[in-house]
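Each chain is listed here by its residues.
8 protein chains.
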Amino acid sequence: MRPTKRPLVGILMGSESDLQVMEKAAQVLEDFSIPYEMRISSAHRDPEQTADYAKHARERGIEVLIAGAGMAAHLAGALAANTTLPVIGVPLKSGTLDGVDALYSTVQMPPGIPVATVAIDGAKNAAYLACSILSVKYPDLAGKLEQYREKTRKSFLNTGKRKVKGKS
Amino acid sequence: MRPTKRPLVGILMGSESDLQVMEKAAQVLEDFSIPYEMRISSAHRDPEQTADYAKHARERGIEVLIAGAGMAAHLAGALAANTTLPVIGVPLKSGTLDGVDALYSTVQMPPGIPVATVAIDGAKNAAYLACSILSVKYPDLAGKLEQYREKTRKSFLNTGKRKVKGKS
Amino acid sequence: MRPTKRPLVGILMGSESDLQVMEKAAQVLEDFSIPYEMRISSAHRDPEQTADYAKHARERGIEVLIAGAGMAAHLAGALAANTTLPVIGVPLKSGTLDGVDALYSTVQMPPGIPVATVAIDGAKNAAYLACSILSVKYPDLAGKLEQYREKTRKSFLNTGKRKVKGKS
Amino acid sequence: MRPTKRPLVGILMGSESDLQVMEKAAQVLEDFSIPYEMRISSAHRDPEQTADYAKHARERGIEVLIAGAGMAAHLAGALAANTTLPVIGVPLKSGTLDGVDALYSTVQMPPGIPVATVAIDGAKNAAYLACSILSVKYPDLAGKLEQYREKTRKSFLNTGKRKVKGKS
Amino acid sequence: MRPTKRPLVGILMGSESDLQVMEKAAQVLEDFSIPYEMRISSAHRDPEQTADYAKHARERGIEVLIAGAGMAAHLAGALAANTTLPVIGVPLKSGTLDGVDALYSTVQMPPGIPVATVAIDGAKNAAYLACSILSVKYPDLAGKLEQYREKTRKSFLNTGKRKVKGKS
Amino acid sequence: MRPTKRPLVGILMGSESDLQVMEKAAQVLEDFSIPYEMRISSAHRDPEQTADYAKHARERGIEVLIAGAGMAAHLAGALAANTTLPVIGVPLKSGTLDGVDALYSTVQMPPGIPVATVAIDGAKNAAYLACSILSVKYPDLAGKLEQYREKTRKSFLNTGKRKVKGKS
Amino acid sequence: MRPTKRPLVGILMGSESDLQVMEKAAQVLEDFSIPYEMRISSAHRDPEQTADYAKHARERGIEVLIAGAGMAAHLAGALAANTTLPVIGVPLKSGTLDGVDALYSTVQMPPGIPVATVAIDGAKNAAYLACSILSVKYPDLAGKLEQYREKTRKSFLNTGKRKVKGKS
Amino acid sequence: MRPTKRPLVGILMGSESDLQVMEKAAQVLEDFSIPYEMRISSAHRDPEQTADYAKHARERGIEVLIAGAGMAAHLAGALAANTTLPVIGVPLKSGTLDGVDALYSTVQMPPGIPVATVAIDGAKNAAYLACSILSVKYPDLAGKLEQYREKTRKSFLNTGKRKVKGKS
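Residue numbers (my numbering), protein chains in the order written: chain A, 84 to 251; chain B, 84 to 251; chain C, 84 to 251; chain D, 84 to 251; chain E, 84 to 251; chain F, 84 to 251; chain G, 84 to 251; chain H, 84 to 251.
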C-alpha cells in the first residue's frame, strides 16, 4: 500500500475486556497489510487522553478510527467529537443487555458528529469498512478488496456444495 | 438556605431544543430557593467546554450537576467522567425513538463513573433529587422537602376527592 | 471520615438472591471506609418494615439509601415514597428478561418522588454514587474519590499497555 | 346481585390524569349493577393511605381491587402487598413510552404477591375480569356475563354484516 | 376447604415441555389443599378439546382456570373466549425470545375477554392468584393466605438476618 | 382466471375497526380479478364461527385465507388451527403499542400450525402473497404478477426521475 | 404426489452455520415425500447467484422457496424481489440479539414484494407452510396434511395423559 | 475541491416518500461543494438496477454511496454486496414502528459486507460522514470540516447564551 509502516488506522476500545472481540478487527487489517495501532482508552475513565488521541490523530497520519465499547458506549462519539476523521463505532455486548444499549449509544449521534456504526460485536466489519474507506484514496486497496470478495465467494460456494451434498 | 447566591446546582443540556423540558428543573429549584445556573453545553459539539465545566464545578461551589440530553445522550456521562460531584442524568425523548436510546446512553455507565438517572423527560425529578442530595448537607432543606411532600399529599387528596365526587 | 461507626449508608435488597450482586456495593463502601448497614427488605413481602426503615433512616443518621431489586422492582420507589433522603436504585436482572423490567420499574418514577437509578446490576456504581453524594458534605471524601479516579486511570493505562503490547 | 349497596369493587388510580381511562372500568361495573367505589391513591405520593386502604378492604366488604397506574406503576403491587384479595392491575400509557414501563412494573411481580394484569389501558377488561371473579361467588353474575357475551356476539355479527355488505 | 375432592382449579398448558414450569402452580395449590386437575391442551393442536374444556368447566364445578403457554401464546385467550370463569394466563419463555412474545400474546386481550396475566414463567403466582380469587367465596382460604403471608414474612426476615449477619 | 365467481380467498378481520386497513387487501385482489369474500370474525368474541369458517373453507372452494387482527392477535392462528389451507396473518397496529404485540402473536406459532406473516398493517402484501400462492396452481396469474411487477418497476422509475429531476 | 423427483421446493440459507436449523425444514418435506433441493446462497456474499436462482426457479419447476437467514436477513427479500413464486422467510437467531433483527429484516417488506414469514428459527413451520401452499394445487397433499394433524393430535393427547397421570 | 463536476457521492433511496428526509443529505453536500447525484432505486422493486448502479459506481468516479430506506431496509446492504466502495446506510422511520426495523436491517450486516450506519432518519449525518471519508483523500475538505465545526460551536454557544439569558 505504501512504504512506511506508520499506522493508518487507530483501533481503540473502552476496556481490556473488549480486546477479545476487537482483535478481530486487527486481524483483518493485517490480512490487508494495513498498518494500525491498538489502544485501550476509555471515554469515561480517561476522557482527556481519549480526546487528545482524536485531536492529534490526523496530524500523526491516522486516516480512520475504529472504536469498540459496550453499555453506554460513548467512546466512538467522544472521538468523533474531537476529530473530523471518519470514526467507525463497534457496539459491544457487555452487561446483561444484548448490546442494544451500546448500539443506541453509538449510532444515535446528533447532526454534525457522525459515527459509522457496524453490527453489535461487528469488529471484523469495522475493519472491512476501514478498508473500503481507505480504498477511496489507495486504488490498490480497492483491487485487494475485490480479490477478497471473489475469494470469499468461491470458498463460500465450495463449502456450501460440500455441506449440502446429497441433500436434494 | 444560605446567604450567598452562588449557584449550588448546574443545569446543563445538550441542545437549545432541550430547554423547554429542562426549564422544569429550574422551576423546582426556584421553588426551593436553591441558587442554580443553566448552560447549553454539548458533549459532542463542544467537548472541551463541557469537560472544563465539570472539572471546575466543585471549586466554583457547585455541588450537584443536572444534565439533560437526547439520542446517544453522552452529556451526563461526559460530565461524570470529569468530576466527582454527583451528576444527575435526564434522558430526553428526541428523534423517532421514545427516549429509550437516551435512557440506555445515560444509565448504563461503566463501574467507577456513575450517573444518577431519572425518568425519560424527568427534569422535575432531577431537581427533586438534587434537593434530596443537598438535604444531606443542609438540614433546613430536609424540612422544606418534608413540607413539600406533605403539601402535595394534601392537595393530591383534595383534588382526588373533588374529581371522583359522586362516583361511588 | 468521622470518628463514629454509625452507618451513613443503608443498602437494601428485595431478596436474599440479590446478595451476590449487592455485596459489591458494600465492598466499595468499605474501600472508602464509609460505615454502612445491609438489609434484606421486600417492598412486597414486608411493605411495613420497608416503609418504617425509610421513615426513620434520616433520624438514625443514615444519609443515603441504596436499593437493589429485580422484576417489578418497587423497593427503591417504596423507600423514596417514605423518605426525603437520596435513594439510589439498582435494577437487577432476574427472571427471564434482561433486567429491562427492573430498569423501567426503578427509573420511571412520577414527579416528586425521584430514584437515582444506575445501570442494570450496577451495584458498584450505586456505591460510587453514594460516595459522590456524601462528598458534598464531607470534603475529605471528595479527595479520596479524586485519588481513586487517578489510581484507576493509571492502573487502567498500565493494563492497557501491557495487554496490547506489540500489537501495533 | 345483593340488596345492600356496599361497594364490592374498589377502583384505585395513581393520579387524577388516569381518571379518563379508569372511568371505563366504572362504566362496565355499572352496566352489571356491581356497587363500587373509586379512589385516587398513589403508592408513591401517599403510601400509607394506599397500604391502609388495602389492609382494610376485605373487612369493609370489598372483594376485588382494580388499580390503574402508569410509568413505574407500583400501585397494584403496593395493594397486593397489603391484602390477600385479588388485585387487578391496569398498566397505563403515560410519559413517552408506550406503556411498556407500566406493563413490566405491574405484571412482573415476585412469587407470593400476584397481580392479575390486563392489557395496557385495558380498564374495561379489568372490570370484566372483576365480574368473572365475582361470578365464582355470585351465580346470577355468571348468567349476566353469559348474556352480555351473547349480546355482544350478535351485535358484533350484525355490525360486521352491515359493514362488509357487498364486499364479496 | 370443603369435603369433596372435585377439582376447583383447572391447570392447562400448551405443550408437555411446559410441565416443568407449570407443576409449580400445582404444588402451591396442594399446599393450600385446593383440589385441581392438570391437562395438556393446545389452542392450536387441539382447538376443539380446548374450547370444550372451557365451555363445560363451570358446570363441572371448576371455578378458576390457569393456562400456561409460550410463543404466540393463545391458550389462555382461547379458554377465556369460551368461558366466563376467571382465566389466569402464564406467559412462558420458550423459543429464542425472552417470553415477551408470550407476554404480549397473553395480556393484550381485546375488550370483553380478559385474561388475568401474571409474570413470565410465573406459575407460582398464577396459583396464588387463584387462591386469592377463591378466597372471595371461601373465607377460610383468606385466613390460610394471611397465615402464609405471615409465615413467609418471618422466614424471609430470618433468612435475611442470617445471610447479612456481620455485614454492618 | 376461471369462469365461476366462487371466492378463492377469504379475508377475515377481528374487528370492524380493522376494515380500513384490510380493505387494501381486497382492492389488490380485485386488481387481479381474484374472487374473494370478506368477513369480520373474532377469535375471541365468536370462536365457534371462526373455527367453523376455517373448517369448511377448503370444501367451499376457498384456497387461501387472510386474517388481520391487532393486540393479542389470535385470529390467524385460530384459523390455521382449524384448516390445512395456507393462512396469511396481518398483524395490525391497535392500542398503544406499535403493533409489535400483534406481530409476535401472529408470527411466533408452534411447530405444525404455521401462519404466513406479513408486515405490520401489511394488508396489501397479504393479497400479493395470496396471488403468489395461487399462481402455483393458476399459471395465468403468474403472468399477471410478472406484468404487475414490470409495470410497477417502470412507473417507479419514472416517478423517481421526475421527482429527483435537477437534483444531481 | 407426482412421479418425477424434480424438486418442488427450494430451501436456501445465507450461511453454512444456518444448516443445523434449516435441515429441520428438509426433514418435514421428506416426511411428506415432497422433492426439494437445498442451497447455501447469500444475498450479500453472492447476490448475483441468489438473484439468478430466484429468476429461474419457476421455469425449473420450483413452486415454493424457503429462505433462512440471520441478522440483517435479506435473503428472503432478495429472492422475493426476483420471483413471483411464494417465498417463505425463516428469521434465524444469530449474533447477540434474540433474532428480532432477522425477524424485522424478513417480515417488514414493502408493498408488492411479500415474504411469508414464520417464527424465529421456525424452519419446521416453513416446511409445513410450503405443504399448505402446495396442497392448493395437489389435493392428495391436503389429505396427508389432515392425517398428519390428526396423528399429531392423538399422539399429543396420549403424551399429555401419560405425563400428567396422577396429577389431579 | 476539484474542477470537474462529476459526482463523488451517490445518494440513493428506496422510495420517493424517502425524498423529504434524504434531501437533507444533499443540502449538506451542497454546503461543502461536493458534487453528488440522487436516485430512487429500490432493492426490492428494481434489484437489477440497484446492483448495476453499485457495480459501476467506482468506475464512474463515485467514491461514497449513501442509501436511505425504511422497514426491512435492504438498500444499503444490496449496494454493499455489489461494490467495495464505502456505503453509508440511513435507516428511515416508516410504517408503524419507530425505525428500529430499518436500523436492524441496515446495521446488522454479516462479516465482509459492512454498512456504515447512522442514526434513524440521520440523513444529515450520512452526508457529514461522507465528507469525513472524502477528507482522507482531499485535504482541503478536512479544513472545511474543521471550519464548519468551529462555526457550529460558536453559533451554538451564542444561541445558548441568548436562550438561557437571565436564567441563573
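Incorrect hints may appear among the rest.
What the hints assert, rightly or not - Okay, derived cross-link-like pairs now, DSS-like style, lysine-lysine, Cα gap no bigger than 25 Å in a straight line:
hint, chain 1, residue 1, chain 2, residue 2
1, B, K227, B, K237
2, C, K176, D, K176
3, B, K227, C, K220
4, C, K176, E, K220
5, F, K138, G, K234
6, E, K237, E, K207
7, F, K138, G, K138
8, A, K220, H, K176
9, F, K220, G, K237
To be verified - From chain G, some residues computed to sit far from chain E (all C-beta separations above 12 Å):
hint, residue
10, R89
11, S116
12, K176
13, D181
14, P222
Rather than coming from a laboratory, the hints here were simulated on the basis of the structure. Backbone N, C-alpha and C fix where the C-beta goes; we use that ideal spot for every residue, glycine too.
Hints, verified against the model:
This hinted pair checks out: K227(B) and K237(B) have alpha carbons roughly 15 Å apart, not beyond 25 Å. Among the hinted pairs, K176(C) with K176(D) is consistent with the structure: their alpha-carbon atoms are about 24 Å apart, no more than 25 Å. Restraint check for K227(B) and K220(C): the C-alpha separation of about 18 Å stays at or below 25 Å, so the hint holds. Taking the CA atoms of K176(C) and K220(E), the gap is near 37 Å; set against the 25 Å cutoff, the hint is violated.
The straight-line distance between the Cα atoms of K138(F) and K234(G) is roughly 17 Å, inside the 25 Å bound, and the hint therefore holds. Distance hint between K237(E) and K207(E) is fulfilled; the C-alpha atoms sit about 20 Å from each other, no more than 25 Å. Taken as a hint, the K138(F) and K138(G) pair is broken in the structure, with Cα atoms around 36 Å apart against an allowance of 25 Å. The straight-line distance between the Cα atoms of K220(A) and K176(H) is roughly 33 Å, outside the 25 Å bound, and the hint therefore fails.
With a CA separation close to 32 Å, the supplied pair K220(F) and K237(G) exceeds the 25 Å bound. Even its closest Cβ contact with chain E, about 33 Å, leaves R89(G) beyond 12 Å, as expected for a residue assigned away from the interface. Against the 12 Å criterion, S116(G) stays outside the reach of chain E, whose nearest CB is about 23 Å from its own CB. Its beta-carbon lying about 4 Å from the closest one in chain E, K176(G) breaks the requirement of being farther than 12 Å from that chain.
Chain E draws D181(G) into its interface by the beta-carbon criterion, the shortest separation being 5 Å against a cut-off of 12 Å. For P222(G), the requirement that its beta carbon stay farther than 12 Å from each beta carbon of chain E is met, with the minimum near 24 Å.
The structure does not agree with the numbered hints 4, 7, 8, 9, 12 and 13 stated previously, though it agrees with the rest.
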